[in-house]
Structures are given as C-alpha cells and as structure tokens.
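Based on these hints, arrange chain S on the given structure of chain B.
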Amino acid sequence: MARVELVTAERAPLLARPFYAGGDPGPIGAALANVPELMEVAMPFLGVVYGPTSVPARLKEIVILAVSSANGCRYCTLSHTAVARRMGFAPDELDALLGQAPPPDRWDAVERALLAFSEALSHRPAEAVDLLRPHFGEPEIVELVTLGSATVMLNRFATALELPA
Amino acid sequence: MTAVAEAVSGGLIGGRLWLYANYHCNLTCAYCLTESAPAVARRQIPVGGLPGIAAEAREAGFTALGVTGGEPFLVAGMAGALAAMAAELPTVVLSNGTLFTPRLLNELTVLAGRDVAVQISLDSADPEANDEMRGPRNFARVVDAIPRLRARGIRVRVATTGDGVEPDALARLCELHRSLGVSDEDHVVRPIVRRGRAIDHGLGVDAGLADLPAELTITADGAFWSPFGPTVHGGRLDTDLLLTRTTRPLSIPAAAMLRIAGAATSRPASGPPRIR
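Chains as they are written, first to last, in the working numbering: chain B, 1212 to 1376; chain S, 426 to 701.
Check before you lean on any hint, since a few could be wrong.
[What the hints assert, rightly or not] Chain S regions said to be covered by chain B (calculated; three or more residues, Cβ under 8 Å):
(1) 654-666
(2) 670-681
[What the hints assert, rightly or not] Listed below are several chain B residues computed to face chain S (Cβ distance under 7 Å; list not exhaustive):
(3) R1222
(4) P1224
(5) L1225
(6) L1226
(7) V1246
(8) E1248
Bear in mind the hints are in silico, worked out from the structure with no lab data behind them. Think of the CB as a built atom: it goes at the ideal place given N, C-alpha and C, for glycine as much as any other residue.
In isolation and in its complexed conformation, chain B is listed as follows:
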C-alpha cells in the first residue's frame, strides 16, 4: 500500500484532470496528483524524457531498467522488466539489465557502454559521461544523462512512497 493517497479520477484536482482523460495515469501520476501544479509540469516532462526521441527506444530501455536495478527500485524494476520483455529483450538480456549476469556476447559496444553508464550514473556519476563519449554526440549524451537522472529521481520517488507495482 502506497504511503500517500493515489488520487482516483473522482478526486482528481482540476489541473490533474487532463492526465486522467485516457484512464488511470498509473501510480506515479496518481501520487503526483496530490500536488496538481507539480503534476502539470512533471507529467509532460516525463512524457518527453521517456517518449520517442532521437535515441532509439531499445537503448533508452537499457538505461531505464539498468539504472532502476542499480538503485534497488522494486516498482521501477518490476514495471520496466515487463516493458523490456514486451519490447523483445531476451531473458539473458533481462538478466544483464537486472545485474544478475554479464551482458550477452552478442551485445555491441554501444549496449555495453550504456550498461556501464547506468551503473556509473547510479554510484559514481562524475565518471558516467566518459563512458558515453566514444559512442554518442553531445545532444545524445545530454538526453541520456537526463533519462538516467530522471530515472534515479523516479526510483527514489517510487521507493519512498512505496508505490505498488
């Protein structure tokens, strides 16, 4: 059970209502709805960060799941394991992203760099960007750091509030 009210559609504040128009906004949205002015900016921000961008979705999912695992976030790890499985990640790839096995031999240098970047961002952030430089330009680096950092933020958010997976 979450540590705060997960706001239902019937109790959604005025600024939060648009985010319920398509149905349940999920536990993160339902928790943010407690502070509608925060939800009003956070949801579009998260939508851009996690939505389609110049970095391919498969590479972004590596960062999301590996960062969530490195930060021990139960909610994010469970929900994004399901997402990654739907995206076509194989069981040995999921094991690597969850820190339970080394990356499969078939992974290329970019995928390995993202795995190492995710671990570094979580524990030694000052070293993280150097791992990306051989493979990405600056706009992509900024995007990946934003993605990883937003994931760390949501890891803390979901863990502290005990959001149900």
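Chain S in isolation, oriented as in the chain B frame:
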C-alpha cells in the same frame, strides 16, 4: 491592468477572494460543507497572515474579500485582522452568530465604520425549524447578536441556506431580518450544496465546476476553484475542485484559475453558475 483584474472585469472569474480562516466550529450543522464541529482539526490560516494576503489580493486585482470557515470568530485576533483586511478591500466575514459575547463585541468595535460586513446564518423565522438544522438555541443567539452588532456600527448581512425555501417562510424570515435592521439588499438566500455533511443527510443539490462561482478560495490545504470547493466528507478533504497546493504568492493559484476558467469558456456554453 493585471490579468486578474481583466478576468474579473470581463466576468471570467469573480472578484472576491475567499479565505478559509479555519475549519473548526462550535456548531455541528446538518448541511455543513466542511463537516465542521468543535473537535475537528483546526487547519487555520495563521491570523497574522490574513492582512498580507489581503494586500496581495488588492495588488493582484481582486475587488473584495470573504472570510469563512469553520467559525472565524473562534480564531483569536480575528477582529483586528478583519480591520486590517478591510483597509485593503471590502470584506465580508461569515459567522454563525453565536459567539458574540460582550468581550468579543468590544473587540469588534474596531470594525465600526470600516468596509466590513458580518454575514450571519439564519435559516428560518421559526426558531424550531432554524435550530433543527443549526443546533439548540441558535435562533435566540442570532436574533440577540444582530442588533448588538448593528448598535456598534457594524454592517450585518443575513444568509439563509435551504432546499427550496417556501415563499411564506421566506416572507416571515424577511420580515424578521427587516425588524432586526437588516435590509433586503443584505439578505442572501442560497441552496444547500450536496457536499460535506449534506451528503450524509441527503440534503442539497449536486454541483460541479460549471455550477459553482469561480471565486478563488485559499485554505490551509491549498487553493480551490470556489468557496464550495474545499469541502470535507468522511473526515477527508475533497480535492476535485483543488487548483494548487501553493497559495502564495497568490499569482500561482490565480494563474491556474485563469487557465481553467479560460478552458471552461472555450467549451460549449452551459449558462452561468447555478450556485451563488
């Protein structure tokens, strides 16, 4: 002209800024929107902060202030705060009219001649009918208080809340308030809104966003669309009409209100608010 002033003059939102001074009350009325009672959490806006909010409201472009609760006169220092608020904008304070002891009446002399009205609830000229909703001896206390306030130079308004007040009963009530020195202009009749304790008693009319006056309302829990918004049911604050948790600077909830009001006007016309 500020954005709020433009919206008020254009009729997009109401000019009165409401403040929920507190949530506790010495009465436990059957139709109370906020489930107020003696033992509920007070959730006060610090009384010392009220004049500052009033000044901010004037600068923002609001044209009047309303103070409600709970029973505002349970809050120590309310008389002085109202005097300071009235120096900024015309102010009305809603009261159940049962706490006007000689000591409080003396404190209220600071309001004499100021642009403050004390709006007292009185639902019927029949003491039994009135007290059934509002509690024992309510009628007698209110009828005693109104002339005492007026004698001190304080403007008094009377508010009647009820489901379809019968014409005969209304006529008797108007006769009563006139005999107490309250003009027809200072008598407001409003329906019971089915929120708060009124739900449990099967009273009132359902009212949503379009039915309620767009009057920014500040509480200890956040800013709401209307003074009918920050209701309490089952001990829990209703959030369906919450605008923002941030209340100051006022520009933050005011901007949110203007966005919502603007969006509402872009929808097909549904007529003016039913509840006033």
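> Is the interface hint for B/E1248 satisfied, with its Cβ closer than 7 Å to some Cβ of chain S?
Replying inline: 4 Å, holds
> Does the interface hint hold: is B/P1224 within less than 7 Å of chain S, judged Cβ to Cβ?
Replying inline: Check passed: Cβ of B/P1224 comes within 4 Å of chain S, closer than 7 Å.
> With a Cβ-Cβ cutoff of 8 Å, does the segment 654-666 of chain S contain at least three residues near chain B?
Replying inline: This one holds; 4 residues, not fewer than the three required, reach chain B with a Cβ under 8 Å.
> Quick one, is the B/L1226 hint okay against chain S at 7 Å, beta carbons?
Replying inline: 6 Å, holds
>> Min Cβ distance, B/V1246 to chain S: is it shorter than 7 Å?
In response: 5 Å, holds
>> Taking beta carbons only, do three or more residues of the segment 670-681 of chain S come closer than 8 Å to chain B?
In response: holds (count 4)
> Close enough to count: is the Cβ of B/R1222 nearer than 7 Å to one in chain S?
Replying inline: Check passed: Cβ of B/R1222 comes within 5 Å of chain S, closer than 7 Å.
> If you take the shortest Cβ to Cβ gap from B/L1225 to chain S, is it below 7 Å?
Replying inline: 5 Å, holds
The structure meets every hint from the earlier list without exception.
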